[in-house]
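With chain A fixed as given, assemble chain B onto it according to the hints.
2 protein chains.
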Amino acid sequence: MSETERPGEFELIARHFAPIAGPGGLGLVDDAGLLRPARGYEIVVTADALVAGVHFFPDDPPGSIARKALAVNLSDLAAKGARPEGFVLALALPKGWTDSWLAAFAAGLKQAADAGGCPLIGGDTVSTPGPLTLSITAFGSVPAGRMVRRAGAKPGDLLLVSGTIGDGALGLKVHGPDKPGWVSQLGERDRAFLTDRYLHPQPRLDLAAALQAHASAAMDVSDGLVGDLAKLLKASGAGAEVDLDAVPLSDPARAAIMAAPALAELAWTGGDDYEILCTVPEKEYPALTTAAQAAGIALTRIGFVTEAAGVASHREQGRARDFTRGSFAHF
Amino acid sequence: MSETERPGEFELIARHFAPIAGPGGLGLVDDAGLLRPARGYEIVVTADALVAGVHFFPDDPPGSIARKALAVNLSDLAAKGARPEGFVLALALPKGWTDSWLAAFAAGLKQAADAGGCPLIGGDTVSTPGPLTLSITAFGSVPAGRMVRRAGAKPGDLLLVSGTIGDGALGLKVHGPDKPGWVSQLGERDRAFLTDRYLHPQPRLDLAAALQAHASAAMDVSDGLVGDLAKLLKASGAGAEVDLDAVPLSDPARAAIMAAPALAELAWTGGDDYEILCTVPEKEYPALTTAAQAAGIALTRIGFVTEAAGVASHREQGRARDFTRGSFAHF
Numbered sequence: 001m002s003e004t005e006r007p008g009e010f011e012l013i014a015r016h017f018a019p020i021a022g023p024g025g026l027g028l029v030d031d032a033g034l035l036r037p038a039r040g041y042e043i044v045v046t047a048d049a050l051v052a053g054v055h056f057f058p059d060d061p062p063g064s065i066a067r068k069a070l071a072v073n074l075s076d077l078a079a080k081g082a083r084p085e086g087f088v089l090a091l092a093l094p095k096g097w098t099d100s101w102l103a104a105f106a107a108g109l110k111q112a113a114d115a116g117g118c119p120l121i122g123g124d125t126v127s128t129p130g131p132l133t134l135s136i137t138a139f140g141s142v143p144a145g146r147m148v149r150r151a152g153a154k155p156g157d158l159l160l161v162s163g164t165i166g167d168g169a170l171g172l173k174v175h176g177p178d179k180p181g182w183v184s185q186l187g188e189r190d191r192a193f194l195t196d197r198y199l200h201p202q203p204r205l206d207l208a209a210a211l212q213a214h215a216s217a218a219m220d221v222s223d224g225l226v227g228d229l230a231k232l233l234k235a236s237g238a239g240a241e242v243d244l245d246a247v248p249l250s251d252p253a254r255a256a257i258m259a260a261p262a263l264a265e266l267a268w269t270g271g272d273d274y275e276i277l278c279t280v281p282e283k284e285y286p287a288l289t290t291a292a293q294a295a296g297i298a299l300t301r302i303g304f305v306t307e308a309a310g311v312a313s314h315r316e317q318g319r320a321r322d323f324t325r326g327s328f329a330h331f
Numbered sequence: 001m002s003e004t005e006r007p008g009e010f011e012l013i014a015r016h017f018a019p020i021a022g023p024g025g026l027g028l029v030d031d032a033g034l035l036r037p038a039r040g041y042e043i044v045v046t047a048d049a050l051v052a053g054v055h056f057f058p059d060d061p062p063g064s065i066a067r068k069a070l071a072v073n074l075s076d077l078a079a080k081g082a083r084p085e086g087f088v089l090a091l092a093l094p095k096g097w098t099d100s101w102l103a104a105f106a107a108g109l110k111q112a113a114d115a116g117g118c119p120l121i122g123g124d125t126v127s128t129p130g131p132l133t134l135s136i137t138a139f140g141s142v143p144a145g146r147m148v149r150r151a152g153a154k155p156g157d158l159l160l161v162s163g164t165i166g167d168g169a170l171g172l173k174v175h176g177p178d179k180p181g182w183v184s185q186l187g188e189r190d191r192a193f194l195t196d197r198y199l200h201p202q203p204r205l206d207l208a209a210a211l212q213a214h215a216s217a218a219m220d221v222s223d224g225l226v227g228d229l230a231k232l233l234k235a236s237g238a239g240a241e242v243d244l245d246a247v248p249l250s251d252p253a254r255a256a257i258m259a260a261p262a263l264a265e266l267a268w269t270g271g272d273d274y275e276i277l278c279t280v281p282e283k284e285y286p287a288l289t290t291a292a293q294a295a296g297i298a299l300t301r302i303g304f305v306t307e308a309a310g311v312a313s314h315r316e317q318g319r320a321r322d323f324t325r326g327s328f329a330h331f
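As given, the protein sequences belong to chains A and B, one line each in that order.
Here the first sequence is numbered in the numbering used here, starting from 1 and rising by one per residue.
Here the second sequence is numbered in the numbering used here, starting from 1 and rising by one per residue.
Rather than coming from a laboratory, the hints here were simulated on the basis of the structure.
Every residue, glycine too, gets a C-beta built ideally from N, C-alpha and C.
It is possible that part of the hints are untrue.
[To be verified] For each label pair, taking beta carbons as the anchor points, the in silico distance ranges come out as:
| no. | chain 1 | residue 1 | chain 2 | residue 2 | range |
| --- | --- | --- | --- | --- | --- |
| 1 | A | ALA287 | B | ASP60 | 52 to 62 Å |
| 2 | B | ASP59 | A | PRO155 | 48 to 58 Å |
| 3 | A | SER100 | B | ALA287 | 43 to 53 Å |
| 4 | A | GLY156 | B | ASP59 | 54 to 64 Å |
| 5 | A | ALA287 | B | ASP59 | 49 to 59 Å |
| 6 | A | VAL311 | B | ASP178 | 57 to 67 Å |
Excised from the complex, chain A in its bound form (with noise of 0.2 Å):
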């Protein structure tokens, strides 16, 4: 509502995110950017909004903050079989923003962009009295019809994880101000890795093609790996049953568990995991872990999709395991 012009708006973009821009953002001098999906391809879409105080730290370095957030958006292209294209940013920056800390934050920008192969096409930087608030809307392209949904996974199907889970969550608790007890009894190349993970998500993006090729069904874990495979039972119609133990932890997450066993928890349903969980019909799994094992990632089994409806029964060490809280909820 002040009307005080504050110039650097164009600067602002001309020195930090034109860069960082690929041919759909026409220079990023345009109202507006450009897809253009090859013959027989359509867009995915997904949106993430980020606020200082809620999803990350303000202090966290700009760089981070700028990784995470748009690792989290390719993190839904990978899951939905998409190869990104582009994505455009709204940024809401508080007062007493410095010129350094954007530069940082545009670096660490076209660092994940880069490394995702997904250029800036477009956005808007505004101005807010509140907390930074990023809002990151990206899009990938799939063959017309083959985007890998929620709602696909079928009794009999094989239910997989990539990489490893709760390190993010764990990783929060080391990086976090209030440390609890065990993170003293952690070495410092774990507390190091924990940290890594919970602030640098790697999205992915090299299993997109073998998901959209054999995947019945896939999400993102990033509420929880409970919480999440309960949504994405929900969307399918289908139960689960899930044997904890095979659920796969890192080593410095072994380590955390060790000296806090309450911790298997919060790794089950931590959430800022940021891996992959899908469903595949037993006959493409012997396809897909190829693929993956191509790519590099690791693909856990860790259960199977069954009829009863919206039910997922956990098993640990032989036991059935409930969950009452099912998944941490940014919200």
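Coordinates of chain B only, in the frame set by chain A:
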């Protein structure tokens, strides 16, 4: 960062946002939406972020906030000659939001989405310790290679503007808490008209096809006619001569300027118009005006494009008029 679970995101989406969703939204139960451009078409992408206390008053009617948030994006699509195909909404809700506020917000959003033929296809809802923040990314389709750009104005082209200019900026003064003296000199209907023009801009979607067919360059006027013209000319590497006396004004705007003549400058520079500024080759002018008349949208000739790169010469009552302060920047 808080781990207190706040249930309701899924119910909230199902109750308030699913009714606005189109087929590409997949019921808003997946991680992504879909855009399926027709063969030979490409997707125009535009994004605008709005923050309470910066771009609107926090106690504005929620339906009006929603309508404007979508309208300013649709206005960009119209200026680019694109047909709306869908939008995503990232919504950061402040503490203390209520279900009735959200219901009114969603009703306004549905009204604007229906009017624009632009369904919701996805989004994200998060909480913020700061002010309400909305970010909309909207999508339109154009025949490949036919998006109307800023960078197409050629010397000799005519300079046109749709509707009337200045109503939004004057409406902000009428609507805001600190009303200048001239506001009390306006009649009630004039005040209501200007307030409505500020709160509820009308995207000129019915002009999009004609712009796509005939205009050499276009953009929507959001930051003030004078400043936005400067951007269009810079992008085009051209100049313009502008007859300020020809700039179309509504009767209520004329009444305000009569009461306080200095307001003329606010009308020309103040922003929030969401009208279309375009250039058209002289030979295309008859076809464009005919199409505009058929669409019921006034299109007024206010000048012409020159070779003087980046130089806009404004004349008022036969005298040169210089603008030291070009436009209002929401930043």
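Hint by hint, here is what the structure shows:
no.: 1; hint: A:ALA287 <-> B:ASP60: 52 to 62 Å; verdict: 55 Å, holds
no.: 2; hint: B:ASP59 <-> A:PRO155: 48 to 58 Å; verdict: 52 Å, holds
no.: 3; hint: A:SER100 <-> B:ALA287: 43 to 53 Å; verdict: 52 Å, holds
no.: 4; hint: A:GLY156 <-> B:ASP59: 54 to 64 Å; verdict: 55 Å, holds
no.: 5; hint: A:ALA287 <-> B:ASP59: 49 to 59 Å; verdict: 58 Å, holds
no.: 6; hint: A:VAL311 <-> B:ASP178: 57 to 67 Å; verdict: 59 Å, holds
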